[in-house]
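Protein chains: 2
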Amino acid sequence: MDAKGTREHIVRAADELFYKQGFEHTSFADVAGAVGISRGNFYYHFKTKDDILAAVIAARIAERRRMLDQWEAEQDTPAGRIRRYINIVIANETDIEDYGCPVGTLTTELAKLGHGCMDSATAIFTLFRSWLGEQFTALGRADDADDLAMHVLAASQGIAVMSQAYHDREFTRREAAQLCAWVDAQAAKEE
Amino acid sequence: MDAKGTREHIVRAADELFYKQGFEHTSFADVAGAVGISRGNFYYHFKTKDDILAAVIAARIAERRRMLDQWEAEQDTPAGRIRRYINIVIANETDIEDYGCPVGTLTTELAKLGHGCMDSATAIFTLFRSWLGEQFTALGRADDADDLAMHVLAASQGIAVMSQAYHDREFTRREAAQLCAWVDAQAAKEE
DNA sequence: CTCTTATTAGGACGGATGTCCTAAGGTATC
DNA sequence: GATACCTTAGGACATCCGTCCTAATAAGAG
Numbered sequence: 001m002d003a004k005g006t007r008e009h010i011v012r013a014a015d016e017l018f019y020k021q022g023f024e025h026t027s028f029a030d031v032a033g034a035v036g037i038s039r040g041n042f043y044y045h046f047k048t049k050d051d052i053l054a055a056v057i058a059a060r061i062a063e064r065r066r067m068l069d070q071w072e073a074e075q076d077t078p079a080g081r082i083r084r085y086i087n088i089v090i091a092n093e094t095d096i097e098d099y100g101c102p103v104g105t106l107t108t109e110l111a112k113l114g115h116g117c118m119d120s121a122t123a124i125f126t127l128f129r130s131w132l133g134e135q136f137t138a139l140g141r142a143d144d145a146d147d148l149a150m151h152v153l154a155a156s157q158g159i160a161v162m163s164q165a166y167h168d169r170e171f172t173r174r175e176a177a178q179l180c181a182w183v184d185a186q187a188a189k190e191e
Numbered sequence: 001m002d003a004k005g006t007r008e009h010i011v012r013a014a015d016e017l018f019y020k021q022g023f024e025h026t027s028f029a030d031v032a033g034a035v036g037i038s039r040g041n042f043y044y045h046f047k048t049k050d051d052i053l054a055a056v057i058a059a060r061i062a063e064r065r066r067m068l069d070q071w072e073a074e075q076d077t078p079a080g081r082i083r084r085y086i087n088i089v090i091a092n093e094t095d096i097e098d099y100g101c102p103v104g105t106l107t108t109e110l111a112k113l114g115h116g117c118m119d120s121a122t123a124i125f126t127l128f129r130s131w132l133g134e135q136f137t138a139l140g141r142a143d144d145a146d147d148l149a150m151h152v153l154a155a156s157q158g159i160a161v162m163s164q165a166y167h168d169r170e171f172t173r174r175e176a177a178q179l180c181a182w183v184d185a186q187a188a189k190e191e
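If you read the protein sequences in the order shown, they are chains V and F. Numbers 1 to 191, taken from the working numbering, label the letters of the first sequence in order. Numbers 1 to 191, taken from the working numbering, label the letters of the second sequence in order.
If you're looking for bench data, these hints aren't it; they were derived computationally from the structure. A portion of the hints provided could be inaccurate.
As the list claims (entries may be wrong) - In silico BS3-like cross-links for lysine-lysine, where the CA-CA straight-line distance does not exceed 27 Å:
| no. | chain 1 | residue 1 | chain 2 | residue 2 |
| --- | --- | --- | --- | --- |
| 1 | F | Lys-20 | V | Lys-49 |
| 2 | F | Lys-49 | V | Lys-49 |
| 3 | F | Lys-4 | F | Lys-47 |
All chains should be built: construct the whole structure from the sequences, respecting the hints.
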């Protein structure tokens, strides 16, 4: 197989395992096993575990960027786009119940490990943060757009954490709906 | 030294290390080093690492219970008590920036590890959840007291996650103040 | 002081981990 | 078909981990 394909395969498998088991709890052997290659071959593509993590984070950023572009194409209004973001917690309900938010749980883990990739992980948050900020600006809230974006991020993270703790889908839906209503109320405040 | 004292000393050290480094990333040697005893002596007090975790969680529950009692004594009104809870994110600002919320980050980690102590960790959340529920009931919101309690928990967790990601104290204070205002608004709705 | 019990220190153990090396197998080019 | 390079497999390595055992020490009771 060509190196590019194997490398991508490794990143995909590592991405999923880092999400579902955590970065530290996932070993080279785990990833190699999931991909179906030997541990030795591994070393040909990535010298260290940190290299894999960096590649996984880069892949996540690229994927999220594509997702945001798609949302912009699908949703016509800024409020609709923000609501689309909030809707993640419902669309990915099952995974979030079991493994939490991929972004939040990774930054939390890397922060505790004092890992150098912490800043790259935070960059995923920043991607959403600025995108949400743009939407709030388009909503006529240029002055406090970033504050509002941070509020949406924080609320989503809170929902994810509690969702993981209690597996309560009613709670998740109720909070998401409430946050969407809040967004619409912010839109009404424009002008 | 007597066994009780050493045991408590171990639990205290493990509590701090589990919080600051994460459960998995903390080894027997780390805890033994922090306490100043040998790894062998360790085994006399706790047979397995899971035993230590169970003891740490039990200690956290007991400590939080004491804290809630104190808040009830200090604060006269239900709203004041809820605001006192929200104020944690500001009072413990420095630690939360570096290590996140002790309860949220632990449940997140244990969930990913598929650890058996996950339920005990969730019990710490439940302690706050029912206490907050009681306060909202006292506020005249018996019907949706638990929903409101969950909302406060989620909001606090969200603030903690973003605080850890961005170390932005202005954000933390703004969100905490906003949440306190929300509590007061809920109180106003009673009648 | 003596004997028993409670507590400690230090190290052995099997296993897992991240890293690295080397030899073999494929693949493409001339 | 021969050569050079890309890719793979399998294992060696030093280290650390959780667990467990044993012998020495401290403490307390008679």
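Now the hints, each set against the structure:
A C-alpha spacing of about 22 Å is found between Lys-20(F) and Lys-49(V), which places the hinted pair at or below 27 Å, so the restraint holds. Straight-line distance between C-alpha atoms of Lys-49(F) and Lys-49(V) comes to about 26 Å, which keeps the hinted pair within the 27 Å bound. As the CA atoms of Lys-4(F) and Lys-47(F) are separated by approximately 16 Å, the hinted pair is consistent with the 27 Å bound.
In this structure, none of the earlier numbered hints is contradicted; all agree with it.
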